[in-house]
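Using the sequences plus the hints, can you model the full thing?
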Amino acid sequence: MSTPSHVAAHVHAPPQGFLRKYIFSTDHKVIGIQYYLLALVAVFVGLVLSLLMRWKLAWPNDPVPWFGDGPMLPEQYLALVTMHGTIMVFFVLTTAPQSGFGNYFLPIQIGAADMAFPVINMLSFWTTFVSFLVMVAAFFVAGGAPISGWTGYAPLSAVGEIAGPGLGLGQTLWIVSIAIFCAASLMGALNFIATTIDLRARGLSLMRMPLTVWAWFITAILALLAFGVLLAAGLLLLLDRVAGTSFFVPGGLVFTDKPVPHQGGSPLLWQHLFWFFGHPEVYIAILPSMGMASHLLSTFSRKPIFGYRAMVYAMGAIGFLGFCVWGHHMFASGMSPYSAMAFSVLTMSIGVPSAIKTFNWIGTLWGGQIRFTTAMLFAIGFVSLFVTGGLSGLFLAQPPVDQPLHDTYFVVAHFHLIMGVAAIFGIFGATYYWFPKMFGRFLNEGLGKLHFWITFAGVYLIFVPMHLMGFFGQPRRYAEGTAVQFLSAMQGPQQFITVAALVTGAAQLIFLFNFLWSLKWGRKAEAINPWRSTSLEWTIPSPPPHDNFGGRQPVVYHGPYEYSVPGAPEDFIPQDAPPRTAPATGD
Amino acid sequence: MPTKNRCAGSTTTAFILAFFLIVFTLVTVYLFVSKTWWFPETITPIGHEIDAQTRRTLWLTGIVFVLSQLGLAWVVWRYRNRGERAHYSHGNNTLEVLWTLATALAFIGLGVLAQFTWAKIHLAEPEPDAVVIEVLGEQFAWNFRYPGPDGKFGRTRTELINSGAGNPFGIDRSDPAAADDIIVPILNIPVNRPIELRLRSKDVIHSFFVRELRLKQDAVPGLEIPLRFVAERTGDFELVCTELCGMGHQRMRAPFSVKTAAEYEQWLRDELALLQSNP
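Residue numbers (my numbering), protein chains in the order written: chain A, 6 to 592; chain B, 2 to 280.
Quick caveat, the hints were computed from the structure, so don't treat them as lab data. There's no promise every hint is true.
Here are the in silico distance ranges between beta carbons for each label pair [said to hold, decoys possible]: (1) A:488 - B:64: 52 to 58 angstroms; (2) A:138 - B:174: 28 to 34 angstroms; (3) B:236 - A:508: 26 to 32 angstroms; (4) B:86 - A:450: 19 to 25 angstroms; (5) A:488 - B:31: 30 to 36 angstroms; (6) A:347 - B:180: 42 to 48 angstroms; (7) B:17 - A:556: 29 to 35 angstroms; (8) A:488 - B:12: 26 to 32 angstroms.
Which stretches of chain B does chain A cover? Using the computed rule of at least three CB atoms under 8 angstroms from a CB of chain A, they are [as the list claims (entries may be wrong)]: (9) 20-31; (10) 67-80; (11) 98-108; (12) 152-163; (13) 177-187; (14) 221-228; (15) 262-274.
Note that the Cβ used here is the ideal one computed from N, Cα and C, for glycine as well.
Below, the structure is given as structure tokens:
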């Protein structure tokens, strides 16, 4: 066997010692698990924050657990709003599907022994970890966590404590944490791109890559282009706060009769920079789940993916258009009405590749032999959620229709379904599917299905009423509806949603228990390929050895979704199975 | 995976999943058709146009929603595992082209249509005889300034801003044009007359939203943003803030009334008399 020199550089002996093996590891699999566990911690923190918010909204005058004897204060509620959004977007939706699963499975699915730059990979995880610590620290400093929302709009976020509690040190830590996170994401993105381009196994042409790999690859490109902009914006905001610059603060501002010494900045500039990152970020969160759902739908319906090329082009189109639509967050901002027109029509266009993907997913199931594993249930749930959450985007994409709905619960329902819940269903599906490969044991299917049913019904009970509340005019980011008269009619629905959220939140403990219990006592994954899948990770032991393929150079002969091929002995053909008619030679 | 063992469970799961999707779809459609919670009737001509475009969007998305969810329910039920071999197919290019063109036409067509309504909101020529009112947002109140009988807004200076002393605008009363400027915490407008609000903010971003107007516009510090409309019905409504502006965001509201011409003129005269008796 001849070994190309660029691969040889990455063949390394397994590290010895606990620290090198599990903590400061350069093994992409360990790093993937580290990212996943960080996201797991973060998602439960974010979940608890949201339940506390829900409690306050349902019973505004009652004491809230851990918030003392009196009712929760509005500024405490807004701190929860900020931290829930920030933790979920950055440390869960960006971290688990891309950095977690992508790190673990991208190199294996392309037949590589590791990432292109293992040390940078380790560095990007630990940088992310530091970023998380800095973010959480914002809770514990004087004044508490910032109250300016995950979007951190200036001047509220730029002028310091004079604008409100939490806007002092808490806000500064928030910005520092985001900047560190950006640096980490840039390192990760470079690594994913280089790995995908350089380290693919022989025979693995681009159009033979699993859709998961395509999704991680496109997401990495988005991350590379988006996080650089957020990093710059964050540094400018930091300078406005600590160095007296005025990038985002105009002159003549007066807070409670005290002028602030700024002049010449633009609040809209922050919004443009933030959403130039923020909209692609939505796709950074959802694209990997699109890839994982595609992978699962094909595997468990035992059918090739319907329209593989269309799926790849659609992801590419979504990625490209994702950078051309940020202005649709700003239809009410005072931006030029002409810009709004361009952003609007471009945003409506992004519905087209999204619809293509939906039709192709249903087309994949069409004519299949569906196996309702827990992983598959979450993938099917993903499709349903993607449709529901995507269609509400068509309202918000049209400036006149957006006018009454902007910044109401309709928006909250829309983005939670599409970028929150749908993305998390992709993560759950992937977890049930890959857990046996990662840990050598299965998750419990019975508990998994219970978890699926409560979660699937629960999220619709939570978020469908929110659309209607938006159509009633319920503004988002209100700590209570007691001051505005027309909002008294919303108290009933608020309580209904809170009960649904508490039940759905509790059901996540089933998942947590299943995860921890199965690590030690789950049914052993004896077979290398229990789901009878085609991709390369199912050709190696569970869990895989340090260098994945044991020094072997896998060669790929087939596309990624060759299921139920007529005449084939099995109902799947692994990607590396040598063709029967023309045996592989020269390897 | 042992294929045979899974067939029995497949039927039950497929049935429950399909049933769930159907029930979810019907309930959701019912909630939107019955308008369980919905905006009150609009009081502006532009509001009727916004509602019409919203209705068109509801129809299009409703059809796609029902077809997709029921389609998903159907394939889940019809193609459950029956221990057979799945149909081997990599797709269908004709279908791909067909649904790409259909959705492009429908979505982009709807989007282009929306721009005509948008143009009426923001690109119409200002009416020369419009009632001009300044709206100033601050943490956490709305302030309104009427130019008074001279029709001119007086000079303002940042250093004079003092909300505690009733001067949130920083009006320089030494300017003759400022002498009759009326400052109030409530927004009153006359019915059936073009209105031009000029939105400003003295601290952070706020957002002007009245459900019955269907209009929403941020008040951005450093900018003066016009918002033009005509109210065609009298009544008492509520103005709220819809941009996160700090700890008091949820209590930043103001009464908003559309009055008959006579009521409006009388109210202005009363306010002016109050100002002149207590300058």
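Right, here's what the structure says about each hint:
1. A:488 - B:64: 52 to 58 angstroms: violated, 40 angstroms
2. A:138 - B:174: 28 to 34 angstroms: Since residue 138 of chain A and residue 174 of chain B have Cβ atoms about 54 angstroms apart, the given range 28 to 34 angstroms is violated.
3. B:236 - A:508: 26 to 32 angstroms: Given range 26 to 32 angstroms: violated, Cβ gap about 41 angstroms.
4. B:86 - A:450: 19 to 25 angstroms: Holds, since residue 86 of chain B and residue 450 of chain A (Cβ atoms, about 24 angstroms apart) stay within the stated range.
5. A:488 - B:31: 30 to 36 angstroms: holds, 32 angstroms
6. A:347 - B:180: 42 to 48 angstroms: holds, 45 angstroms
7. B:17 - A:556: 29 to 35 angstroms: Violated - the Cβ-Cβ distance for residue 17 of chain B and residue 556 of chain A, about 47 angstroms, lies outside 29 to 35 angstroms.
8. A:488 - B:12: 26 to 32 angstroms: violated, 54 angstroms
9. 20-31: With 5 residues close enough to chain A, the hint holds.
10. 67-80: With 7 residues in contact (Cβ-Cβ under 8 angstroms with chain A), the coverage given for the region 67-80 of chain B holds.
11. 98-108: With 5 residues closer than 8 angstroms to chain A, the region 98-108 of chain B meets the three-residue bar; holds.
12. 152-163: It holds: at least three residues are needed, and the region 152-163 of chain B offers 4 whose Cβ sits within less than 8 angstroms of chain A.
13. 177-187: With 0 residues in contact (Cβ-Cβ under 8 angstroms with chain A), the coverage given for the region 177-187 of chain B is violated.
14. 221-228: holds (count 5)
15. 262-274: violated (count 0)
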